[in-house]
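The hints should help you fit chain B onto chain A, whose structure is shown.
Line by line, the protein sequences give chains A and B.
So that you can map any letter, position 435 of the first sequence is 435 in the numbering used here, and since no number is skipped, the others follow by simple counting.
In the numbering used here, each residue carries its 1-based index in the second sequence increased by 1000.
Simulated from the structure, these hints should not be mistaken for laboratory data.
Even glycine gets a Cβ: it sits at the ideal position worked out from N, Cα and C.
Hints are not guaranteed to be accurate.
What the hints assert, rightly or not - Dumping the calculated EDC-like pairs for lysine to aspartate or glutamate here, alpha-carbon to alpha-carbon at most 16 Å:
| no. | chain 1 | residue 1 | chain 2 | residue 2 |
| --- | --- | --- | --- | --- |
| 1 | A | 148 | A | 466 |
| 2 | A | 402 | B | 1086 |
| 3 | A | 169 | A | 189 |
| 4 | B | 1061 | B | 1101 |
| 5 | A | 124 | A | 151 |
| 6 | A | 271 | A | 84 |
| 7 | A | 51 | A | 75 |
| 8 | A | 402 | B | 1084 |
| 9 | A | 478 | A | 466 |
| 10 | A | 402 | B | 1146 |
| 11 | A | 525 | A | 260 |
| 12 | A | 402 | B | 1101 |
What the hints assert, rightly or not - From the structure, some residues in chain A lie toward chain B, with a derived Cβ separation under 7 Å:
| no. | residue |
| --- | --- |
| 13 | 175 |
| 14 | 342 |
| 15 | 522 |
Said to hold, decoys possible - Over 10 Å on every C-beta distance to chain A, these chain B residues come out as not near it, computed from the model:
| no. | residue |
| --- | --- |
| 16 | 1059 |
| 17 | 1062 |
| 18 | 1113 |
| 19 | 1120 |
| 20 | 1128 |
| 21 | 1132 |
| 22 | 1155 |
| 23 | 1158 |
| 24 | 1179 |
| 25 | 1195 |
| 26 | 1199 |
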Amino acid sequence: MMGAMPESEYDVIIVGSGAGGGMAAHVLTHAGARCLMLEAGDWYDTARESKWLEWGYDAPHRGTTDDEHAYGGFEAVVGGYHVDGEPYTCAAGTHWKWFRSRMLGGRTNAWGRISLRNGPADFKPHSRDGKGFDWPISYEDLAPYYDKTEELIGVFGSAEGLENLPDGKFLPPPAPRCYELLIQKACRELQIPCIPSRLAILTRPMGDRPACHYVSQCYRGCRMGSNFSSPVVLLYPAQQTGNLEIRCGAMVREVMTGPDGRAAGVSYIDKEMGQEVQVTGKVIVLAASTCETVRLLLNSRSSRFPNGLANSSGLVGRYLMDTVMSDVTGWVPSLMNLPPHNEDGVGGMHLFVPWWNYERQRLGQLPFSRGYHIELSGGRSGMPAPGLLTGSESLLGGGYGKALKQRSRSLYGSLVSFHGRGEMIPNEDSYCELDKSTVDRWGIPVLRFHFRWSDQEIQMARHMQETFQQIVQTMGGKVIESYGADQRWGISEGGEGIHEVGGTRMGSDPATSVLNPHCQAWDCKNLFVTDGAPFVSLSDKNPTLTIMALAWRTSEYIASQMRTHAV
Amino acid sequence: MKNAAEQSGSSSTGLRFHRRAMLKMMMALPVAGLVPRASFAEAARSLVETVVMPGGAASWKLRALTPQEWTTVGVLSDWIIPADDESGSATDAGVPEFIDDWLDFQRGELLAEIQGGLAWLDTECSRLHGSTFVNCTSDEQRQMLDRIAWPERTAADDAQGVAFFSRFRDLVLSGFYTSEAGIRYLPYVGNQPQRGWQGCPAPVVAQLGVTNVALPLEQTLPSQGAVRPLTPSQLSARVR
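So that you can see chain A by itself, here it is in the shape it has in the complex:
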């Protein structure tokens, strides 16, 4: 808590430079607001630093990294599940994994670019099946912002008119790869839809950004700027307005509040200088990433807000969610010995399977209430990496010498993988809080996680396993990697989806939510959240597009409130 505040230097202070912070900066600077952006990581320029087109054999460890640290490989990530000096803890029985990317643009540099709209049912899940909670807004509220976001960032896809999968403003989709056509054929026999995917990758030029050049390396960052990342599409144009200052290496410790209870500014550690710095602003936007935003609020304690800022409901950190994941890999003999062809394509699937069992769920014929979609990979797409053509016992049958060499080559391109990505229903046992006994290297208390899948999610993972195995068999293939009941059907650990959302959920009642329907803190009207923390549910749709559409809507509201001096 501070005493007399100097006049605010900035109209808006934005914490975080990823999808949510980037969109807030883009909208607010274009509306004329003077913005300061604070990013905990270093500057990152994909045009210079991307490992674009580099061969694995020219890179350390063939361009790979280990499970904990993502830095140093081809992936455009600085961080990973382990960030030096920034620990987190888990309660007994919890195996939460928290992926962080400490760099300008955050995880938008390496993300999968999958851009699916939430459908009408995804905003009203409680109304649909009595579980979880409804959002205080509807699809119609967000639809115009989905339109604008897609038109700004560029998303390819196809109009399908499917239930709860709204079509968008799409660029034309790339033609399917060979193995995807074979999957599509099997799905047709099983009456499962298999349609063009929807990714934030340009298939036509857009402004200065050329169309994709199809080397399947989006995860390395694109030197061409042909895919969406926050710096290329949002931050650099925001800087062109003259209204944006970006400070990197700024690890925010807390939001400071004045005697009137309003947010006055933020206090951060300048990591290079090792100094504490305070800046003031009229409006504070938190987009530090879901859990980091929660941590910031919980660490912003004062006599007026003893349990942390915006936490009079006690719900900050509650209802943490992540995507339900389970995978199957199959070997498909008809894909063996195909004529050599370039199957790279875009950096992601060209076809995917949206959820198709709404009617069966309405009829109560499935033991779980929510949906999942299937992401596809396999074939000859992408540069060979360690692990390729291994798994010798099940596929190669053993051996050595010339016969093994020829047999292993004949297997190239014949594997396909199915990645289930499903909706988790928020539960009381999944949350994060401050760990009172652990601080990071700057002395900031760290998060302690609690996480549990319910039987709903386990049953969904079982359905994924059974369905994917059925598709492999329909393709004439053999399942070579799958999971049974004793492995909980291969369900992921919480956090591994890297889709963590919730923790400052929005709502229409201050007693049961942290933010109002404009993502404005009930307790502090010049404080807003624009990352994944406001999410009330996590549909099977990957969250980034919704984060950006919601951030656009929130930022327009902030601009309108600033014009009328309401905040």
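Positioned in the frame of chain A, the structure of chain B alone reads:
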């Protein structure tokens, strides 16, 4: 297209020096693919001692393996991926260097498993033939491999050796198929910027018996001109 020897020789880094030497040595031997292993191993060992160990600019400095293990890894790798008329061998492709680096990178259980397996191999060879694996004759080496290379026809007593060899074979395949030579052998023909996306080629569509419903993007796109990265002025940060 270059042959394997030229590919190896044209590589820019000095790391490949001793592999080129090995390659020349092997090419001088009478029967391709049936290299007398004892003499090869002897020569390889002397190379390891003279080239790898002193750590000069042109050498591969061992990161995880001992010189003796390194020699065994080279011999085993070439039993798994030998040279043929389409590509060089595993050692030509730098697989031992890949394995040494990978074991150093991963450490932990994998390193212990591989080192333990190499020791098992030498112990078993010494017990049967009175010499380590690399000093056994080619026939003795082949007999040994036939005991552990086929998981489904192996005696229970050899389970340790089988587990090791399966893991080792995976490492060799990983190293070979991510090398320049292995990528040409597959062949992986990507990592080449494209002006448009053609989709699945018609002959493959026909072979698979599938229906290609979508238009290739080239038919829907105007010509883009040359593929080029954005210029600094297009993609630069004005303020740091």
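The hints, checked one at a time:
no. : hint              : result
1   : A:148 <-> A:466   : violated (39 Å)
2   : A:402 <-> B:1086  : holds (11 Å)
3   : A:169 <-> A:189   : violated (30 Å)
4   : B:1061 <-> B:1101 : holds (10 Å)
5   : A:124 <-> A:151   : violated (26 Å)
6   : A:271 <-> A:84    : holds (13 Å)
7   : A:51 <-> A:75     : holds (8 Å)
8   : A:402 <-> B:1084  : holds (8 Å)
9   : A:478 <-> A:466   : holds (13 Å)
10  : A:402 <-> B:1146  : holds (14 Å)
11  : A:525 <-> A:260   : holds (11 Å)
12  : A:402 <-> B:1101  : violated (25 Å)
13  : 175               : holds (3 Å)
14  : 342               : holds (5 Å)
15  : 522               : violated (34 Å)
16  : 1059              : holds (18 Å)
17  : 1062              : holds (16 Å)
18  : 1113              : holds (14 Å)
19  : 1120              : holds (17 Å)
20  : 1128              : holds (19 Å)
21  : 1132              : holds (19 Å)
22  : 1155              : holds (14 Å)
23  : 1158              : holds (12 Å)
24  : 1179              : violated (5 Å)
25  : 1195              : violated (8 Å)
26  : 1199              : violated (3 Å)
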